[in-house]
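Residues per chain, in single letters:
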Amino acid sequence: MKGSWWKILSVVLMLYVIVVGFLMPLKPGIVNVTPQNLNSGEEVTLEVELYNADITEQNKSQIRAWLIRDTTYILQSQRVNVVNDQLLEIDFNLPEHLPTDEEVMAFTLVVDAPDMGSSVLPSGIFVGQSGGNQSLGAEAWSRGGLVNLSVYKGFGIPYRNLLAETLRNTYFHVSLWFAMFILYFVSVIYSIRYLRKREVYFDQVGSSLVEVGTLFGILGLITGAIWAKNTWGTYWTADVKLNMAAISMMIYAAYLVLRISLADADKRAIISSSYNIFAFFIIIPLIFVIPRLTDSLHPGNGGNPGFGGEDMDNTMRMVFYPAILAFTLLGLWMANLMMRYKRIRNKLDEI
Amino acid sequence: MRYKSIALTIIGFFYANVLMAQSGGPDFFRSIGKIYVVVAVMVATFIGIVIFLVYLDRKIKSIEDEISSHD
Amino acid sequence: MSVKAFANIWFLIQKDLNIELRQRYILTSILLYVVSTVFIISKILQTVSPMLWNAIFWVVFIFTAVSAMMKSFTQEMSDRSLYYYYLVGPIEIILAKFIYNFFSLMAMGLLLSVSFIIFINNPIDNYFYFFLGVTLGALGIGVIFTLVSSIASSGGNSATLMSVLAIPLVLPVILFNLQITGTALNILQDTAIVNNISLLLAIIGILIGVSLFLFPQIWRT
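Residue numbers (the working numbering), protein chains in the order written: chain A, 1 to 351; chain B, 1 to 71; chain C, 1 to 221.
Here chain C is said to cover these stretches of chain A; the calculated rule only asks that three of the stretch's residues, wherever they fall, bring their Cβ under 8 Å from a Cβ of chain C:
{"#": "1", "segment": "239-251"}
{"#": "2", "segment": "254-263"}
{"#": "3", "segment": "271-278"}
Simulated from the structure, these hints should not be mistaken for lab results. Idealized CB from N, CA, C, for every residue including glycine.
Model the full assembly from the supplied sequences, consistent with the hints where possible.
This is the structure we're talking about:
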């Protein structure tokens with residue numbers, strides 16, 4: 001048991017990720033608003049459906065709501081009626097004019113209650129007008145102010161529209177890719193050592209790591225497809241990041257084909273080690289550079305914040321970093337088993 | 001035998017997916033803040049690891065057979 | 001690098017060219033391959049949109065390059081050129097191969113462009129970008145195929161291995177080339193062209209660096 005502390009660590013971390021990852025609640029958020037298309041000058045009642053809202057007898061009367069645009073144009077609600085703990089009716093008295101000359105303007109809905117923090121629906125409300133007056137509109141929309149916004153008490157991960165609870169997939173999907181990359185990196189080190197020393201042990205380790213890494217990559221693709229189906233609406237789109245990931249997997253699929261197509265052990269080791277090094281240097285720009293420079297739906301790329309943005313806050317990092325470590329260690333364990341199999345196989349073949 | 005079980009697992013998984021989509025409408029996966037998407041992702045990851053285990057199991061079995069035939 | 005190294009590289013390139021010219025069937029077969037493929041495409045697709053033109057151009061480019069490289073390497077190992085390789089260092093060999101393959105792919109690319117223009121149609125708007133795309137494509141594909149064919153040739157049954165290994169590796173380079181020639185054909189806006197070219201050059205630079213490191217290791221066998 002002495003040398004297997006890291007295996008235990010991987011299991012403990014994985015348990016931590018599953019338990020804490022699921023137990024951490026989502027902060028309150030706005031799921032749905034009806035109607036979403038309004039006209040200026042009318043009195044409207046918005047039905048706002050909340051998620052995970054914590055409306056109690058104490059803060060029931062202190063709920064406030066605003067329609068805002070860039071924090072310069074702010075309109076406070078007339079009245080907030082609590083239907084039940086997940087449904088609000090909010091009355092707005094929309095001014096005659098909008099602070100723009102255009103026909104339609106998008107506003108952000110903010111709902112705030114003590115201890116619940118403020119929930120935001122970004123650019124989800126569209127107000128239309130016919131023949132506006134910009135200066136009158138600007139004046140009418142500047143009367144209110146966002147004051148005394150409350151802060152969410154307690155642990156929680158941010159509520160993102162469309163994502164909702166699936167934000168937790170970050171712990172699995174993203175960690176799998178990170179773990180894959182770490183496994184490939186370690187395998188390249190072993191491939192280089194093999195080419196220098198020509199000891200069959202290095203090739204056994206390197207190839208096992210590539211095999212497990214490729215499994216993780218394929219799982220990354222599958223989990224990504226499931227996630228995409230339920231947020232973007234399709235399993236697969238022609239997005240840069242997705243294409244690049246698919247190409248990387250094809251490159252490593254060619255590695256696996258290469259290994260099974262060569263019968264001679266020495267030749268197989270030399271060829272696959274050199275191919276592995278070559279492949280790794282090709283997928284670095286594929287996964288890390290190109291998607292960042294072009295427009296992409298996928299978070300973390302052109303025009304889309306990924307890590308460090310609002311998608312990932314400190315509470316999520318508490319689970320996300322251990323998750324990467326857990327998957328990496330698990331992968332190393334799997335590769336270790338594979339390597340031991342290969343070593344025995346090699347010994348048997350020599351006899 | 002093992003190929004069959006792997007194939008059955010995969011088919012069963014997709015079949016369950018289709019069934020859920022039909023019986024609950026498209027809303028089953030989207031109910032309760034889409035938490036079932038996370039469950040599906042975890043199940044997929046777990047199945048992947050199990051497939052790896054089955055693969056390794058078969059390889060080790062072949063070694064065991066070889067050793068026992070040596071004796 | 002000394003003058004002697006350059007002389008060696010030049011010598012190796014000349015030797016490759018001599019072999020190529022002596023065995024005229026390689027050149028003629030590639031010529032025939034290109035012309036007949038393009039002819040068939042023009043007969044099947046009566047009208048070809050610029051987007052399709054761009055895609056087919058690169059598909060034919062890759063497959064012609066694969067068959068050309070395969071031929072050049074299968075004759076390579078059975079030849080007495082092994083003796084020359086004994087005399088010079090591995091870095092010089094790989095550099096000579098890069099240069100030779102680059103120029104042969106460049107010639108092939110030009111032949112392909114001309115036959116596309118003659119047999120199909122000419123949607124090229126910006127010739128500078130187009131030939132830049134072809135040049136960079138020849139460079140990138142040449143570098144990858146050179147290393148892969150050297151890997152595959154040390155593996156024995158090189159013909160099948162070559163196509164399995166080379167095509168996935170070539171995809172990223174091809175994606176950039178598609179964008180660069182796409183700009184030349186006016187399919188895409190030229191906003192990202194400088195970005196694309198510099199990224200492609202960076203990738204090619206990395207590939208050359210890795211090849212220079214890897215080839216001596218492979219060469220020892």
